[in-house]
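**Q** Based on the provided sequences and hints, a complete structural model is requested.
Heads up: the sequence lines are chains C and X, in that order. Residues 1 to 161 in our numbering are what the first sequence spells out, letter by letter. Residues 162 to 410 in our numbering are what the second sequence spells out, letter by letter.
It is worth saying that the hints were derived from the structure and are not from the lab. Keep in mind it's a predicted model, so treat the numbers as computed, not measured. Some hints could be false.
Derived Cβ-Cβ restraints for the label pairs, each shown as a range [claimed, not checked]:
id	chain 1	residue 1	chain 2	residue 2	range
1	C	E85	X	N399	55 to 61 angstroms
2	C	S16	X	H376	46 to 52 angstroms
3	X	R238	C	E131	33 to 39 angstroms
Beta carbons are placed, not taken as given, at the ideal position from N, Cα and C, and that holds for glycine.
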Amino acid sequence: MLEQRILERLFRQNYSKMIHLASVLLGNDEEAEDVVQDIFLRMADSDIPPRNDNYLLTAVHNACLNRIRQMRLHDKVKGLMPTQEDENDLQPIDKRLERLDDILAYVDEQLKEPHCSIFHLRFDEDLTIGEIARRLGLNPNTAYKYLMQSIQQIRHHFEHH
Amino acid sequence: MRTSEENILCEARRLRRLRLLLEMLDNPDAYTEQEIQDIIDRDEDTRETYRLMVEAKRSVRHRQHQKPVDVDAAWQRFVAAHPTVQRKFQFRKIAASLTFGRAYSRSGEPMRASLSSRIAASFIGVLLASGIAFAAIQIVRNISTSQPQLPTAEQTTGIEPPTSLSADTVKADTISAEPYIFNNVPLDSMLTAIATAHGVGVEFENEAARGLRFHFVWKPEDSLSRIVEKLNTFEAVNIDMEDKKLVVR
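**A** Here's what the structure looks like:
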């Protein structure tokens, strides 16, 4: 069993990064905390501390993917979770987080209005197209069109980067 | 070669598929699992669009969760949510103190032992290694007087270390949380050590029971009620759990 002061030091050093990754992947703070606590719980029972911080992040990543796999398909799509294995998941975690930064930077810098607002209403506030259309005083068909254009624009940009 | 008319048709069909994807995402409960899967996997374009939307959502969460985290509070929640971990740590400390004469308070801080009691503990350790347990008991009874609820040197003498290594070559930190064996230890000492690990007190209504000696295997993963249950299987013992204390009757 790992010594308490070692476990506490590892917890204090790594918790922020771990809970961040789990929250990004799961979109649910309670579940994210559950995943991270589980990892430390298992670590408490082991005799050897992890070799490096990446090990812990990889453990979080794998645990989150396992939880997502076990979710009902309906819940997956409601939370915009992957429905199947994604080859991007094989990339290093820091690279993937960088890409997430890049996507939002691109949205804020390159999408014009009302596309940028529609993107944020859809992904930040989880509004449906009908709700977005009402909020912005648009026809729902127009809101659909703008959202699709935004997604395609982002997709095409990142396919080439 | 596609004609421009075919291209327009093709693009219209593509937009219809994407529209269907967005409509489904707005109201997935209106669709069966199979329908959802079919919509997402209709073709590579739709699949990639959904994947991009997953990434877009993650991007937003990534930004939303940039605020600093209260790690202190998280650690407290972790310890509170997993009392077995805390108990195992307590167990390790108490096992260490029992073996090496180090005492710990309930908060987990090592307590200052007097020079005489430290010397006594060390001396007793040597005696233990030499197998002169009985003599040590007598010596420690005369020396150790203070620190109620804490493992005393007397316990050290009556308890076999779980390993065969000599005390001075093994750091307390390296003791594992394997079962701890109380060998011929007075109930008073044994129960105090166990109760301390579980954050409860001990009261002896039956004073005569204090000196009863037991051979008992203490497993850190056992709950307090389980331990009490096991101890109560001894004929001479009747222990009850009452309001954060163990009462011996």
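**Q** The structure should be examined with respect to each hint, and the outcome stated for every one.
**A** Okay, the hints, checked on the actual structure:
no. : hint                                  : verdict
1   : E85(C) - N399(X): 55 to 61 angstroms  : holds (60 angstroms)
2   : S16(C) - H376(X): 46 to 52 angstroms  : holds (48 angstroms)
3   : R238(X) - E131(C): 33 to 39 angstroms : holds (35 angstroms)
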